[in-house]
Amino acid sequence: MKKSQVALEFLSTYAFAFIIITITIGALYYFGIFDFSKYLPQKCIFPSQFKCLDFSLKPTEVRIKLVNNLGENIKVTSLQITNDAVPPISCTPPASFDWTYATEKDLAFTSCTGGAYIVGERVELRVSMSYYALDTPSKPVHLINGKINGKVISS
Amino acid sequence: MEKSYLVKSQSSLEYLLVVALTFAIIVPTTYLFYNYSKESSQEIIDAQITKLGTSIIDAAKTIFYSGQGSKTTLEINIPENVESAQIIDGRELVFNITTSFGTSEIVFFSSVNITTISSNCIVNTCKLPELASSGLKKVKIEAVSKDFVRIEVI
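Top line first, the protein sequences correspond to chains P and V. Residues in the first sequence are numbered consecutively from 1, following the working numbering. Residues in the second sequence are numbered consecutively from 1001, following the working numbering.
No lab work stands behind these hints: they were computed from the structure. Among these hints, one or two may not hold up.
Unchecked claim - Cross-link-like lysine-lysine pairs, in silico, DSS-like; alpha carbons within 30 Å at most:
#1 P:LYS51 to P:LYS65
#2 P:LYS43 to V:LYS1051
#3 V:LYS1038 to P:LYS105
#4 P:LYS147 to V:LYS1038
Pulled out of the complex, with its shape left as it was, chain P reads as follows:
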């Protein structure tokens, strides 16, 4: 009888310790202690032909400054922004425009909603852009993708 009591007490002590540790780790996870991505530098990555010079993430607006390093005048036909959240971020993209080579453009995605795009939160956004070269006869459309990883700041 005494042996079984000792064994049961031993097991229940371990069970309590296990439950407390699990709850503690769960709470730490819930409050984002294990979200190490917030310690990564804020970054904007695009192919070097459209080098990303700067970006800003405001509550309802995403702005990116790119430079046309193609050496060609182009027409940007469409721009899209999205992320992995459910539902993904939805913004009004800039209208199509002509872009002279070696010049910078400030692209503004406005009226952003959804996509866990909240002030103070770290977000990862994917931007895709379609364009064609004005001097190429068949005007084939090319697609490039870029990524923004940063924190949404209040304006």
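Given chain P, work out where chain V should sit, using these hints.
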């Protein structure tokens, strides 16, 4: 007897604390460095493609202006992630690359007419399938006529 248990339990606890502390340092550091290196490798691939595309276009220009019959061979190292390569309209050299955030087309524009072997060309698009696999490649660039330069992987 009791003292011996105390010493044993103290050393066990200290051992566990050291292991826990080590994990607490190693896990976040590994995560941060892994992510950082992933982004850096993306930039390295982009730089490699830019270098090889520019070198092909520059060589094509040099050969074109050197006159018909001129040729040269380039040794280029194709990085991973190149899905396809093609020439469009004789002026765009296009590399399709896959990245962690989607497929991008890296385009190089040539001021001289470029083409490849005729069997790879359909209408205005000429495919360069040999440039779509990673590794060291020899690219022959030849001014086959006064109007265009042929780019061929040998």
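Results of checking the hints against the structure:
Under the criterion of a C-alpha separation no larger than 30 Å, the hint pairing LYS51 of chain P with LYS65 of chain P is consistent with the structure, at around 9 Å. Distance restraint check for LYS43 of chain P and LYS1051 of chain V: the Cα-Cα separation of roughly 23 Å lies within the 30 Å cut-off, and the hinted pair is therefore satisfied. As the CA atoms of LYS1038 of chain V and LYS105 of chain P are separated by approximately 27 Å, the hinted pair is consistent with the 30 Å bound. A hinted pair counts as satisfied when its Cα atoms are at most 30 Å apart, and LYS147 of chain P with LYS1038 of chain V qualifies at roughly 13 Å.
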